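Asker: Residues per chain, in single letters:
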Amino acid sequence: QQPVQSPQAVILREGEDAVINCSSSKALYSVHWYRQKHGEAPVFLMILLKGGEQKGHEKISASFNEKKQQSSLYLTASQLSYSGTYFCGTGAYRVQTGANNLFFGTGTRLTVIP
Amino acid sequence: DVKVTQSSRYLVKRTGEKVFLECVQDMDHENMFWYRQDPGLGLRLIYFSYDVKMKEKGDIPEGYSVSREKKERFSLILESASTNQTSMYLCASKRQGGDTQYFGPGTRLTVL
Numbered sequence: 001q002q003p004v005q006s007p008q009a010v011i012l013r014e015g016e017d018a019v020i021n022c023s024s025s026k027a028l029y030s031v032h033w034y035r036q037k038h039g040e041a042p043v044f045l046m047i048l049l050k051g052g053e054q055k056g057h058e059k060i061s062a063s064f065n066e067k068k069q070q071s072s073l074y075l076t077a078s079q080l081s082y083s084g085t086y087f088c089g090t091g092a093y094r095v096q097t098g099a100n101n102l103f104f105g106t107g108t109r110l111t112v113i114p
Numbered sequence: 001d002v003k004v005t006q007s008s009r010y011l012v013k014r015t016g017e018k019v020f021l022e023c024v025q026d027m028d029h030e031n032m033f034w035y036r037q038d039p040g041l042g043l044r045l046i047y048f049s050y051d052v053k054m055k056e057k058g059d060i061p062e063g064y065s066v067s068r069e070k071k072e073r074f075s076l077i078l079e080s081a082s083t084n085q086t087s088m089y090l091c092a093s094k095r096q097g098g099d100t101q102y103f104g105p106g107t108r109l110t111v112l
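Top line first, the protein sequences correspond to chains A and B. For the first sequence, our numbering gives the first residue as 1, with consecutive numbering after it. For the second sequence, our numbering gives the first residue as 1, with consecutive numbering after it.
Keep in mind that the hints were calculated from the coordinates and are not lab data. Each hint should be verified, as a subset may be incorrect.
To be verified - Derived lysine-lysine pairs resembling DSS-like cross-links, with alpha carbons at most 27 angstroms apart:
#: 1; chain 1: B; residue 1: 70; chain 2: B; residue 2: 18
#: 2; chain 1: B; residue 1: 71; chain 2: B; residue 2: 55
#: 3; chain 1: B; residue 1: 55; chain 2: B; residue 2: 3
#: 4; chain 1: B; residue 1: 55; chain 2: B; residue 2: 13
#: 5; chain 1: B; residue 1: 18; chain 2: A; residue 2: 37
#: 6; chain 1: B; residue 1: 57; chain 2: A; residue 2: 26
#: 7; chain 1: B; residue 1: 3; chain 2: B; residue 2: 53
#: 8; chain 1: B; residue 1: 70; chain 2: B; residue 2: 55
#: 9; chain 1: B; residue 1: 55; chain 2: A; residue 2: 26
For clarity, every value in this text was computed on a predicted model and none was experimentally measured.
Required output: the full structure, derived from the provided sequences and hints.
Answerer: Structure (structure tokens):
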């Protein structure tokens with residue numbers, strides 16, 4: 001159930017743009033994006049709940065294509081502080097217990113250099 | 001601010017030892033999670049607990065068990081540690097129905 005992310009790693013110069021993709025073999029109901037800086041805990045960036053929804057967070061935005069079962073994270077005019085590993089998470093709801101959890105992707109390591 | 005703490009940042013154990021990893025959160029969250037993080041494999045869910053004494057298996061529960069006797073504390077137990085359990089272990093919590101998971105700093109476990 002783990003979504004697949006691409007690319008696995010990317011190196012950017014400051015000011016360049018990047019796109020990180022997250023694909024699932026199962027239907028998506030929600031997509032969550034997290035960033036983990038080196039040596040730190042993952043931190044929530046944003047959630048997309050509806051197909052076709054787009055969200056923005058500073059110069060980081062995301063889209064959700066329910067039909068294609070995928071989401072993309074867009075980083076524009078990258079800054080050094082954007083370096084880290086980005087994870088997408090797909091929501092899963094367990095009917096019997098009412099509990100919900102995430103299945104996180106394989107991660108994309110982003111390095112921004114001066 | 002939500003705070004999730006884990007008992008150790010680094011832990012070294014021998015094969016066959018019983019290992020306890022502790023996680024404590026201070027925000028009265030109902031849901032707590034244990035993940036392991038390995039290069040190229042991302043974050044994989046081991047177990048989660050949606051309430052006290054309640055648990056659900058994640059993707060990779062084999063070789064692990066969990067305990068949640070109090071709401072704020074969630075323990076991951078390796079009954080007999082093996083070298084393939086060498087990994088970074090991350091704990092997270094969230095409120096029931098909430099979207100955001102709050103992660104602890106992680107425990108890097110090495111099994112020799």
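Asker: Against this structure, judge whether each hint is valid.
Answerer: Against the structure, the hints:
no., hint, in the structure
1, 70/B x 18/B, "holds (21 angstroms)"
2, 71/B x 55/B, "holds (12 angstroms)"
3, 55/B x 3/B, "holds (22 angstroms)"
4, 55/B x 13/B, "holds (26 angstroms)"
5, 18/B x 37/A, "violated (31 angstroms)"
6, 57/B x 26/A, "holds (19 angstroms)"
7, 3/B x 53/B, "holds (21 angstroms)"
8, 70/B x 55/B, "holds (13 angstroms)"
9, 55/B x 26/A, "holds (24 angstroms)"
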